[in-house]
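Enquirer: Each protein sequence line maps, in turn, to chains A and B.
The opening residue of the first sequence carries number 68 in my numbering; numbering runs sequentially from there.
The opening residue of the second sequence carries number 2 in my numbering; numbering runs sequentially from there.
Because the hints were derived from the structure by calculation, they are not lab data.
Check the hints yourself; a few may be wrong.
[Said to hold, decoys possible] If you want the footprint, here are the derived chain A segments under chain B, 3+ residues with CB under 8 Å:
1) 130-138
2) 251-257
3) 295-305
Ideal Cβ placement from N, Cα and C applies to all residues, glycine included.
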Amino acid sequence: MEERTVVASAQWASEHGRVGAGASLAAKVLGAAAALVLAAGLYLGLVVVPPDAVQGDVQRIMYLHVPSIVTAYVAFFVVFCTSVLYLWKRDLRFDAVAVASAEIGVVLTGITLATGSIWGKSTWGVWWTWDARLTLTAILFTIYVGYLMLRSFAEDPRAGARYGAVLAILGFLDIPLNHFAVYWWRTLHQPSSIIRPGGPSVASTMLVPLGINFAGLVLLSIYLLLERVRLERIRHRTIEVRLKRGRRG
Amino acid sequence: MGNWGFVGLAYGLASVALFSYLLLLKGRLRGAQEELAALERDSGRRTR
Chain A
68 MEERTVVASA QWASEHGRVG AGASLAAKVL GAAAALVLAA GLYLGLVVVP PDAVQGDVQR
128 IMYLHVPSIV TAYVAFFVVF CTSVLYLWKR DLRFDAVAVA SAEIGVVLTG ITLATGSIWG
188 KSTWGVWWTW DARLTLTAIL FTIYVGYLML RSFAEDPRAG ARYGAVLAIL GFLDIPLNHF
248 AVYWWRTLHQ PSSIIRPGGP SVASTMLVPL GINFAGLVLL SIYLLLERVR LERIRHRTIE
308 VRLKRGRRG
Chain B
2 MGNWGFVGLA YGLASVALFS YLLLLKGRLR GAQEELAALE RDSGRRTR
């Protein structure tokens, strides 16, 4: 690794005390808050809210499916912003947040695909169909899995960060395309019922568990992000110590 | 599979995915912390 990268790693990794220390109090509070909010959202969605008039109980999958994809979009938006900032400033802190957020986005998109597939089997009678919305979501998942693979295979971390940032920025274009796919093409997937002109089209009783689960997943994502960024700091500090040792011979 | 079977499968899979990621992350953190601590101990010994 080049000297510049080492200096940048050292500056970042050595800031704010010991990097090897446990999770911060803020992270612990966020983790506990996320667990409480998600528990409340699950209770409302699975127990309190009545079944859908047309779909019945299987509609309860939506209280998980919709907040998962919206939170994944937020995570990928963070990847997009921090990737732009990394290319501009070449500061490894932005890269660390980008890679951490991409991992969380991939997990949430995977959950969206799995829960959507289960809902599709019960409602449409098939686990999968090559509908525009479903296909673009699968492409989104593949793009960011590819991003993580690119990052892990890169021998030079600075080159990995640079190529990753370009891929993340281009990959983000899939999200608006995915959102408008249900309007631009004839799809089996229903149009958006929350983020749409004229406001949400679902009953307010259903909006409450959706909103609470979204808040819970956002809190959980911030908690996971803090922990994942801490891992990056430890890795950078490890590289720094190794290189210092190497220089001393 | 009934309606609740699909609901249980969806929520169960999501819980497994989130818990697995959380546990994996904690394991990676623990491994990285141990590696760094060992390196720093070793470096300190060499400096002395």
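Enquirer: Against each hint, give a clear statement of whether it holds in the structure.
Expert: Hints and how they fare:
Restraint check on the region 130-138 of chain A versus chain B: 3 residues with Cβ-Cβ distances below 8 Å, three needed, restraint holds. Check result for the region 251-257 of chain A against chain B: violated, 0 residues qualifying (beta carbon to beta carbon below 8 Å, three or more required). Three residues within the 8 Å Cβ limit are the bar, and the region 295-305 of chain A against chain B gives 7, so the coverage statement holds.
Hint check: a violation occurs at hint 2 only; the rest are consistent with the structure.
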